[in-house]
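Going line by line, the protein sequences match chains E and X. Per UniProt numbering, the very first residue in the first sequence carries number 1; after that it's consecutive. Per UniProt numbering, the very first residue in the second sequence carries number 1; after that it's consecutive.
Each hint should be verified, as a subset may be incorrect.
Once the Cα atoms are required to be at most 35 Å apart in a straight line, the calculated DSBU-like pairs of lysine-lysine come out as [to be verified]: (1) Lys420/E to Lys215/X; (2) Lys360/X to Lys457/X; (3) Lys673/X to Lys567/E; (4) Lys420/E to Lys457/X; (5) Lys163/E to Lys215/X.
No lab work stands behind these hints, which were simulated from the structure alone.
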Amino acid sequence: MTLNGWLQIAIILATVLLTAFPLGAFMARVYGGKHNLLSPVLGPVERGFYTVAGVDPTREQGWRSYALAMLLFNAAGFFLLYAILRLQGFLPLNPQGFAGIAPDLAFNTAVSFVTNTNWQSYGGETTMSHFSQMAGLTVQNFLSAATGLALAMALVRGFARSKAATVGNFWVDMTRSVLYVLLPLSLVTAVLLVALGLPQTLLSSVDATTLEGAKQTLALGPVASQVAIKQLGTNGGGFFNVNAAHPFENPTALTNFLEIWQMLVISVAVVFAFGRMVGDRRQARALLSVMGILLLAGIAITYAAEAAGTPTLQAASINADDGNMEGKEVRFGLALSALWAAVTTGLSTGAVNAMHASFTPIGGLIPMFLMQLGEILPGGVGSGLYGILVMAIIAVFVAGLMVGRTPEYLGKKIEAREVKMAMLAVLILPTAILGFSAVAAVIPQGLAGLLNAGPHGLSEILYAYSSAAGNNGSAFAGLSANSPWYNTTLGLAMLLGRFAYIVPMLAIAGSLAAKTKLENSTGTFPTHGPLFIGLMVGVILILGGLQFFPALALGPIAEQVLMLAGKTF
Amino acid sequence: MTKHVQTQISMFDGAILRQAGVDAVKKLNPGELIRNPVIFVTEVVALLVTILFIRDLITGASVFFTGQIAAWLWFTVIFANLAEAIAEGRGRAQADTLRQARTETLAKRLYDPERKELFSRVSAAELEIGDLVLVEAGDLIPGDGEVLEGIASVNEAAITGESAPVIRESGGDRSAVTGGTAVISDWLVVRITAASGSSFLDRMIALVEGAERRKTPNEIALNVLLAGMTIIFLIAVVTLSGPGRYSGADVPVPVLVALLVTLIPTTIGGLLSAIGIAGMNRLMRFNVLAMSGRAVEAAGDVDTLLLDKTGTITFGNRMASEIIPVSGVTEREAAEAALLASLADETAEGRSIVALAQEKYGLRVPGEPPVDARFIEFSATTRLSGVDLGSRRLRKGAVDAVLRFVRNVDNHGVSDHGFAASVDRIARSGGTPLGLADGGRLLGVIHLKDVVKPDIKERFSELRRMGIRTVMVTGDNPVTAAAIASEAGVDDFIAEATPEDKLNYIRRAQTEGRLVAMCGDGTNDAPALAQADVGVAMQSGTQAAREAGNMVDLDSDPTKLIEIVGIGKQLLMTRGSLTTFSISNDVAKYFAIIPALFVTAIPELRALNVMGLSTPQSAILSAVIFNAVIIIALIPLALRGIPYRPLGAASLLRRNLLIYGFGGLLVPFIGIKIIDLAVTAMGWA
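If we strip away everything but chain X, and leave its shape as in the complex, we get (with noise of 0.2 Å):
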C-alpha cells in the first residue's frame, strides 16, 4: 500500500476557510480579476449599480431594492473568488508540508572527486550546477543530482511518503537523487544538475502551491466560449434599451443589470480556476506530481496505454503453478521434492513452490529442516539448487542444468518418461519449466508463470469500454509474451522490445490519430516518454526520465497509470457538467426576469411569469440571488469533481446530460421560486 505525503485535507478545514476568506476580498483587485472575463464583468457592473446607489442616497430616491441588488452583485464576485482561494489554500496546506523537507542544509563541496577528504561545506543555496557534493550517512542531499561514484540507501519519505529506503547507485538507472532526502548509509559523490531554487522539490512546491498555474489549452478555449456568450448576452441587454422605450417600458439600469449579470455564465465562471486547481491537488493526492495542467488534460484524452508487463500486468515475479511429475511419480512424490528443494530458496520463485506444495498438494513445511540437511544455493554457473538430504540428492533448476546434473550421476541413458513433453508443453504456454530430479532420477517438471493480477482483466475491460487500447511491453519472447496477453486481455503487445520499438510504437499510433500515455524510469525510457502525450516518469528513476516525462508518481507504481487516466478525465467531466448546468440555469432566469422587466408597460406579459412570482422587484432580486447562492453550492462539487464512472462515452453523456443539462433546467424553476417565498416572506421586495 502506498502512503500519502499529505494528509487528506478536508474540504472545509477552519483555518483554510478562514484565509480564503480574506483572499476572496483580495481577490477583487481588478488587475488581477480580468483574467476571468464573466467575473470581471460582474465585478464592473456591481461596482456600476453601487454609484447608482449612492447616488440615490443622496438624492433621497428610494434605494432599498438598489442596494440589495448592489450587495447580491458584490457576493456574487466574492463567492467566485472564494471557490478559487478554497482550492488554492487546499493547494497551499500541501505545500506546506513539503516545505519541511527543504530546511537549510549544508553541502560538503569537493574540490577533486579523486580527494573525499577535502571539501567546504557551504549552504545548499550556493550550489551551482556541475558542482560535485560528498553525502555521508546521515546528511542530507543537498540539491537534484546524479550520481557519480558509490552506493547508498536513501530515505525519500520526504517527496514520496515511502519509509523504506531506497538504494541510489553510480551509472544504471537508479543514479538520479532528489534534495532533501537523506542518506541513511554508506555515502555518495553527487554530481549536482539542478540550480538552487529549481530542485524537483522546489517545483513541487510551485506547483502544488498553484504558483506555476497557467490556464490549460482547454481552460483557454472554455474561457473564450464563456467570454463570447458574455458579450452576446450584453449585446442582448444593452439592445433591449431599444425595443424597451419603442413599447414604453424602460427599465432601470439596476434591472437590467440584474438581467445581464444572471444571463452571463457566472457560475462555471466563478468555478473553473477551483475546477482545475482541484485537478491538480487530486492528482497530487494520488502521490502523482503533473508538470502541467496541460498534461492532466492530455491524460483524459489518451486512448492508447503502454503498460510494461512486469509489475502492472503480472506480478513482478513469475510463480509454481503446477508440479508435473514424470510417469511413474506420483504427484505427491514430486511435490515434496519440490518442496524439501525448495526449502532453503528465499527467492520469490522458491516461496512460490513452497507456497503450491502446501496449498495444492497439502504438504507440510517441517518446522526445523530435517538435521542431515545440506542446502545448496543457487549460483550463475550450476543455475541449480536443491538439498542434499542423506542418500538423496534433490534439485531444481533450468531444465538443461537439470538434465546435465542427472547424466553426471548416471551416465546411462536417462529414461524421459515424459519430461521432454512436459518442457515443451510449459514453453509454449508462455510459462517457463523447471527441472526436478532426484540423483540421476528425473522427477518431473515445475511450471512457473507469469501469474497475471487477479483483478487486471477486469481493469482492461472496464478501459475498453472507456475506448483506452492497453498495449503490453515486455522483454519476453513473442511466444510467452502472447500466451501472457491473452490471459490478461490487453489489445496488444509489444514482444523484445526495446526502448526503439517504444518510441516507433508510439510514433506510429500518433499519426493514426491516437493520443498514447506510457510509464518509464530507465534514461533510455526517456525518449519514449517525451513522445508519449502522457509520460510518466518514476520516482526511483533516472534524472532524464524524470525530465523527459510530464508526470512523475511518487509512488513508482506504474499501474497507476489507468488512476491518472480516470482523474484526468474526472477534472474535463467536471468542467463540461458544471458549465452546461450554468448555461441551462439561464431558461428559468428568463421566465423569472422577463415578465418583470414589462409587466409595467404590458400588463398582458404577466402570462410569461410560470412561476407565479410574486413582485417584479421580488422576481428579479431572487434570481439575482440564486445566481450568487448557486456558486457556493457548487463548491464542493467542483473540488471533488462529479462522480466518475468507467463507463462508455455514449452512456456518460446520457447520465451527465440528464442529471447536469435537464438538473440545471429544472434547479433554479425550483430555487428561485423558493427564495422569492423567502423574499417575499422577509419583506426585502
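Next up, chain E with everything else stripped away, as it sits in the complex (with noise of 0.2 Å):
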C-alpha cells in the first residue's frame, strides 16, 4: 500500500460526500413534491405524462397497492426485455446482424436487467445489437434504478409519516426518479465520459492497423450513454465483455475517478435525503458511518492483500512491490482496483476495472462478503437505503430492549409484523445463494461451469450466486456461466434477492406508516451516536458472518490457508 494509493481513494470518497449532500437536498424536494431547482424546465414535462398516463399524482397508495403497481411495471418490463432479445433479428439497428438470444440466456438477461442485477452472461459486443443494448438494456437500466429509487421512497414516508395509510404513489415516484435524478445526471455524465474519450457512435466497429501492421477490428457502439446510466444507476452491465476494464469504456484514471463517483454519489444522496425526510438528519449520518466504516475496512484489506501480493509471485522472483497485479489494468493500479472492487461491490454496481478471480484469495473474499452482507454498503440506488432500514429495524430490535423500553426507531415502535417481514427479507439471501450453492456445487451441471478446481472452483460458484442474489452483477471470472443450468438458476437467485427482499419490505413501509410516530426522549434508544454506529456494524458482520462463515471457510479462506501453505488451483 503507497499513501499516493491512499490519497486517490480519499479524494474520490470525499468528492462523492461533499457532491451527494446538496444532491440529497435535491432529491428530498423532488420526492417531496416541493419545488426544486429543476422544476421550472420539468415541472411541466412531469404533469405532462401523468395527464397522457392518466395518474392523480395527489392519489396515493397504501402498500399493497404499491407493491401491485411496482410488480406489474417490472412484470411488463421483464416480458418486453425477453421479446426485444428474442426478436433483435428481426428489429432495426442490428448493423452487425445478430441473431435472437437463447430462451434461457434471453430469461437471465431480462430478468438480470428488471431486477437492477445486470449480470451478465453474454459479451455485449458479440451478442446484443444496437437497438437491444439501447431501447432494451439501457431503458432497463433507468427503470430498475428508479423503481430502487422509488421504493426506499416508500420506507422513507412509512418512517417520516404518523398514522397514514398511504406510503406515495408510485407512478409518481417513478416519474420523479427518472425525470429528476437518473436522466439530468446520465445526460451531464455521458457527455462529460465522451468529452473524455469514450465513444457514443451508431457504427458497430472500426478498423485499426496495429504498430505491426496488422489489422484489427475494433467494437464500437453507443458506449458513453450506457456507461452513464449502468454506474449511476447502480447496474454495471458492461457495453463490453469486460467491463470498465475495457478502454473503450474506461479509458483513463479520470474517467476511472468519475466513473467510481457515478457509482457512489445517488446511493450517498439517498441516505442525505432520508435524514431530510425524517427530520433528523443525525439519523442519515449514523447509517452513513456504518456504510463508510464497512465499506472501508473492505477496501483496505482488498488493497492490502492485492499489495502483499502472493508466495507464488515472489517464488517467481517478480518485483514484490507491485504486488499481485494479475488481472489487473495497470492504468488503474492496486489501489483504485481495490477501491473499485470495494465500491462494486458494497454498492450493487457489478461493473469491474480488474478481474475479482484473479485477486489473492482475501482479496477476492471481500467483494464476496459484501454482496453477502446485502448490498447495503452503501448499496444499490434506493435499494441500499431500504436494506440498511430493514438491518437498522432488526439491530434495534435485538439491542433496543437493553434501554427497557420496546424497541422503537426513528419514533415508530418495531413489533411482530416488523421482525416478521425483516426477518422474511434476511432470510432470502442466505436462502438463495447458499441453496443454489449447494447443489452447484454437487451436480454435474454445475461443476461443469468451473474453470479451476479446489476452493477456488467453489468460490467461483459462491461469488456468482452471491452475485445473483444480491442483485450485484458482477462476475468472479473463470466460471462458464451462459449455460441453461446457471442461466436458470441464476435467474431465479436475482427474482428472489429483489423481489422476494421488495414485498416484506414494503409491508413493513405500510406498517410503519400506520403507526403513531412517538416523541423521543432520554429514554428512547439513541439511534445515531457511536455507540448506535459500532452495533449496527457488528448485527450487520455477526449476522452476515454466521451465515456465510462455513461456506467462505472452504471457499476463499481454505484458498488462503492453502496458499500459504504452498498449494494452488
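Bring the two chains, given one by one in their own frames, into a single complex with the hints.
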C-alpha cells in the first residue's frame, strides 16, 4: 500500500460525500413534491406525463397497491425486454446482424436488467444489437434504478409519517426518479465521458492498423450513454464483455475517477435525503458512518491483500513491490482496482475494472462478502437504503430492549409484524446463495462451468450466486455461466433477491406508516451516536458472517491457507 | 411500610427445584414444546441423533461420541424446560398462599333487601351475578361485589397483607368488596358482581400461577426473530453438505446437528418464558397485580406519569412550616399561643403546629393541660378551634373566621399590624394561612404548607434522566399547584383537575406520541384508567376503577407507579441483554466447530482453531456442552432480572452492550477452552 494510493482513494470518497450532500437535499425536495431547481423546466413535462398516463399525482397508494403497481410494472418490463432479445434478429439497428438470443440466456438477461443486477452471461459486443442495448438494456437500466429509488422513498415515508394509510404513489415516484434524478445526471456525465474519450456512435466497429501492421477490428457503439446510466443506476452491465476494464469503457484514471463517483453518488445522496425526510439528519449520518466504516474496511483489506501479493509471485521473483497485478489494468493500479472492487460490491453495481478471480483469495473474499452482507454498503440506488433500514430494524430490535423499552426506531415501535417481515427479507439471501450453491457444487451441470478446481472453483460458484441474489451482477470470472443451469438458477436467484425482499420491505413501510410517531426522550434508544454505529456494524457483521462463514471457510479462506502452504489451483 | 402477602421465595427452594425437575421432563412433550420454536428444533435434532446412536449401537459402529452428543442435546432441552419450570414453580408457591383465602364460604343470600332477617344459606360457589347477600361481623365476604347498604370495617389482609381494617360503605369510592375478605364489625348488604371462579382472588391466583399466561406482544416479536434466526442457521447448516462434499469433507450428521444447535439461539430461547414469568412475579412481590403481561411491558415504555399530588408528591396533610407574628408580638409569644391553641387538636395539622412549636421555637409541651383550660373543638360552622385559658381566649382557624372572631370580641377597629400582608404572601406562595388570635388581638399567621416529600424531587430528576415526564394532578387552584409543582420538580401539572381533565390530558399526550401511566381509585377515574397505557387501580378503590385499570396495587400506594415502571424496564432489559448475549456467543462457537468440521479434508484450516482445542471431537463436544451449561448458569439471572439502574437510554445501552454484547463474545471463548481441557482430561473425546 502506498500513500499515493490512499490519497487517490480519499480524494474520490471525499468528492462523493461533498457532492452527495446537496444532491440529497435536492432529492428530498423532489420526492416531497416541493419546488426545486429543475421544476421550472421539468415540472410541465412531469405534469404532461401524468395527464397522458391518466395518473392523479395527488392520489397516494397503500403499501399493497404500491407493491402491486411495482410488480406489474416490472413484469411488463421483463416481458418487453425478453421479447426484444428473442426477436433481435428482426429488429432495426442491428448492423452486425446478430440473431435472436437463446431462451435461457434471454430469460437470464431480461431478469438481470429488470432486477438491477445486470449480470452478464453474454458478451455485449458479440451478442447484442444496438437496438437491444439502447431500447432494451439501457431503458431497463433507468427503470430498475428508478424502481429502487421509488421503493426506498416508500419506506422512508413509512418512518416519516404518523398514522398514515398511504406510502406514496408509485407512478409519481418512478416519474420523478427518472426525470429529475437519473436523466439529468446521465446526460451531464455522458457528455463528460465522451469528452474524456468514450465512444458514442451508431457505427458497429472501426478497423485499425496496429503497430505491427496487423489489421484489427475494434467494436464500437453508443458506449458513453450506456456507461453513464450503468454506473449511476448501480446497474453494472457493461457495453463490452470485460466491462470497465475495457479501454473504451474506462480509458483513463480520470474516467475511472468519474465512474467511481457515479456509482456512489446517488446511493449516498439517498441517505442524505432520508435524513431530511424523517426530519433528523443525525440519523442519516449514523447510517452513512456504518456504511463508510464497513466499506473502508473492505477497501483496506482488499488493498492490503493485493499489495501483499502471493508467495507464488514472490517465488517467481517478480518485483514484490508491485503486489498482485494479475488481472488488473496497469492504468488503474492496485489502489484504484481495490477501491473499485469494494465499491462495486458494497454497492450493487457489479461493473468491474479488474478481474476479481485473479485477486488473492482474501482480496476476492471481500467483494464476495460485501455482496453477502446484502448490498447495503451503501448499496444500490434506493435498494441500499431500504436494505440498511431493514438491518437497522433488526439491530434496534435486538439491542433496543437493553434500554428497558420495547424497541423503536425513528419514533416507530418495532413489533412482531415488522420483525416478521424483516426476517422474511433477511432469509432470502442465505436461501438463494447457499441453496443454489450447495446444489451447483455437487451436480455435473454446476461443476461443468468451473474453470478451476479446489476451493477456487467453489469460490466461483459462491461468487456467482452471491452476485445474483445480491443483485450485484459482477462476475468472478472463470465461471462459464452461459449454460441452461446457470442461466436459469442465477435468474431465479436474482428474482428472489429483488422481489422476495421488496414485498416484505414494503409491508414494513405500510405497517410503520400506520403507527403513531412517538416522541423522542432521553429514555429513547439513541440511534445516532457512535454506540449505535458500532452496534449496527456488529450486527451486520455477525448476522452476515454467521450465515456465510462455513461456506467461505471452504472457499476463499481454505484457498488462502492452502496458498500460504504453497498449494494453488 | 407495606407488608407483603408472599414472603420472599428463595431462588432455589428445594421443594420447588424437585418439582421443577419433574416438570422439566414432562415438558419434553413436543405438543407443548412447539410453542418454543428454538427448543423444539433442538428436541427434534436430539431425537435424530438418538436414532443414529441406536443405529450405530446395533451395527456395532463406534458410538461413544454420538452418544455424548445426543445426551448433551437432551440436556439442553431439559435445562431450557427447567428454567421455565422453576419460574412457574415460584409462581405456584405464591398462589398457594393466596388459595388459602379461598376457603369454601357459606353466603347469606337475601330474598329482599328490605328484609334482612330473611335469607337462605348457600355455598359461595352457587352465587350468581346480581345476587344480594348479607355479610355480618365475623363472616367472610362470599364474592366480589358492591356494597348496597351499610357500613363495616373489613379486614382485607387475605388480599393485601395489610392487617389494619378498612372501611367499606355504600356509595362513593369505598363501595367495592373483595371475596375472601372478612367483615370485622357491623354488617353490609352486598350485590355480587363477579361469578364464582372469575372473582378477583381467582384471577389473582390464575395470574400468579401463570395459567392465564399468554405471550406478550414483545415476546411474540422476539420469538419471531429467534425462529427466523433458527431458520437461517438451518439453511446454513443444511446447505453446508454441498460445499462439504465438493471439498471432500463429508460431515457426519451428529456433527452437523451439533453445529446447528450451538448456532441457533438456544440460550435466550430456553430462558425467554422464564424471564416473562419472573417479571410478573417480581411485580407480585411488590404487591402489584398486573392483569396481563402486556401491561408490564407497557410499563417499561411509559414516558409520562400522571401522579396525584396528595399522598404521592406531598404528604397527605398540610403541615405548619412557620408562624409569623404581627408586629408588636414576639415570635415566641405567637408560637406559644399556637401551641396552646393546638394542644387538643388531634388533626394532622394541629399536631404539626405542636411539632413546629417544639422544634423550631424550642417550646415544651406541658405534661398535663392546664387545669383551667377549656378546649374549643373545631366545627364546620365556626371553622375555629382553640382554648380558653383563664382570661385568654386563644383561637386559630381560617383567616376570615379568625377576623370575625376578633371583631366580635372587640368591634372597635382591629389593628392589622401586617396581618393581611402575611396572609397574602402565604396564599401567593401556594400555602394555606391560618389566623391566630387572642381575644380581640391578632397575634399572627400560621403558614400551613403542603409538604413535599423529602426524597421526591430526587426521584423525579431520576425519572427525567430516564426520559419520563412527571405530571402532577391536583384539585388545588393553579397558583397553589404551580408553587408545589416547582418545589417538587414535576414537569407539568393539571390544577383544579376533574376526571375529564385527566382523560383529556391523557388523550392529548397520546396523540403526541406519548405513553401514559396513571393511578386512580374512584369510579370517575375509570375512563382515564382505561385510556392510559398503564392504569394502576388502587385495591381500596371501586370495582369500576379496578376493572378499568390493567394493574391493581394491593397496597393502594400511588407512589408505586414509579417502581412499576422500573420493573417493566427491568423485564425488557433482561430479555434484550440475554438475547444479545446469546447471539454474540455464536462467534466463538464457530471458531470451535468450523475448523473441527473440515480439518480432516483440509488440514491447513487448523489455522482457524484459535482456541487451540485439542481434537475435532473435543472441540465439538465442548461447544455443545457449553451451549447446554450456559442455560443453567443464566437461570438465576433470568429469574432475578439484570441489575436495574435508573439511567438514560444512552448510558444503559453502553453499559449493557459492554457487559452482554462484548461479554457474550468473550465468555464462550474462555468457557469452551476450559470445557475442552476438562473433556480431554476425562478422556471423553
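Hint check against the structure, violated hint numbers in rising order: 4
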